[in-house]
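Undergrad: Using the UniProt record's numbering, read the sequence shown as starting at 1 and increasing by one per residue.
Think of the hints as simulated: they come from the structure by calculation, not from any bench.
Heads up, simulated DSS-like pairs for lysine-lysine below, C-alpha to C-alpha not over 25 Å straight-line: (1) Lys62 x Lys33; (2) Lys62 x Lys24; (3) Lys28 x Lys64; (4) Lys24 x Lys64; (5) Lys28 x Lys62; (6) Lys33 x Lys64.
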Amino acid sequence: MSGEVLLCGKVIKSIAFKKKQITKEFQKGDEVKVASQEYGLIGSYCTATIVSSVGNYQYRDKYKTLLPDDEFAALEDVVIGAEVRPVSPDQHEIMSEINFRLYDMVDVFANDRWWFGFISGKVGQEYYVYFPTTGDNISSRMV
1 MSGEVLLCGK VIKSIAFKKK QITKEFQKGD EVKVASQEYG LIGSYCTATI
51 VSSVGNYQYR DKYKTLLPDD EFAALEDVVI GAEVRPVSPD QHEIMSEINF
101 RLYDMVDVFA NDRWWFGFIS GKVGQEYYVY FPTTGDNISS RMV
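Input sequences plus hints: build the corresponding full structure.
TA: Rendered as structure tokens:
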């Protein structure tokens with residue numbers, strides 16, 4: 001059993017800390033999702049806009065929902081390309097075409113950020129999503 005738990009932990013870490021090959025160079029004004037590397041927030045993404053390239057696949061971005069401590073302007077940060085991905089297509093246009101299955105990996109917006117998780121069940125129109133980085137299992141209406 002402990003071997004299975006260890007293996008599961010390694011799989012979760014490989015997803016949350018995925019070192020992906022950088023295949024896209026982002027441009028000023030691109031809308032993106034930025035992976036959090038902060039303890040307690042691993043597995044979540046915040047939406048941002050690329051402000052500028054600072055060289056070697058590093059970008060200055062401006063978050064849409066995160067504010068600095070003074071809360072007057074959106075937080076800006078420098079991130080590496082491996083932490084950045086394009087935003088998902090408009091969810092309302094494609095959600096009616098998707099039939100989720102048990103254990104499908106999904107992104108869910110909760111607590112002001114996007115989190116990756118897995119479909120763990122369905123009751124009526126409510127899907128239950130398990131978030132392996134936090135251990136939470138919540139219901140989410142995916143329509």
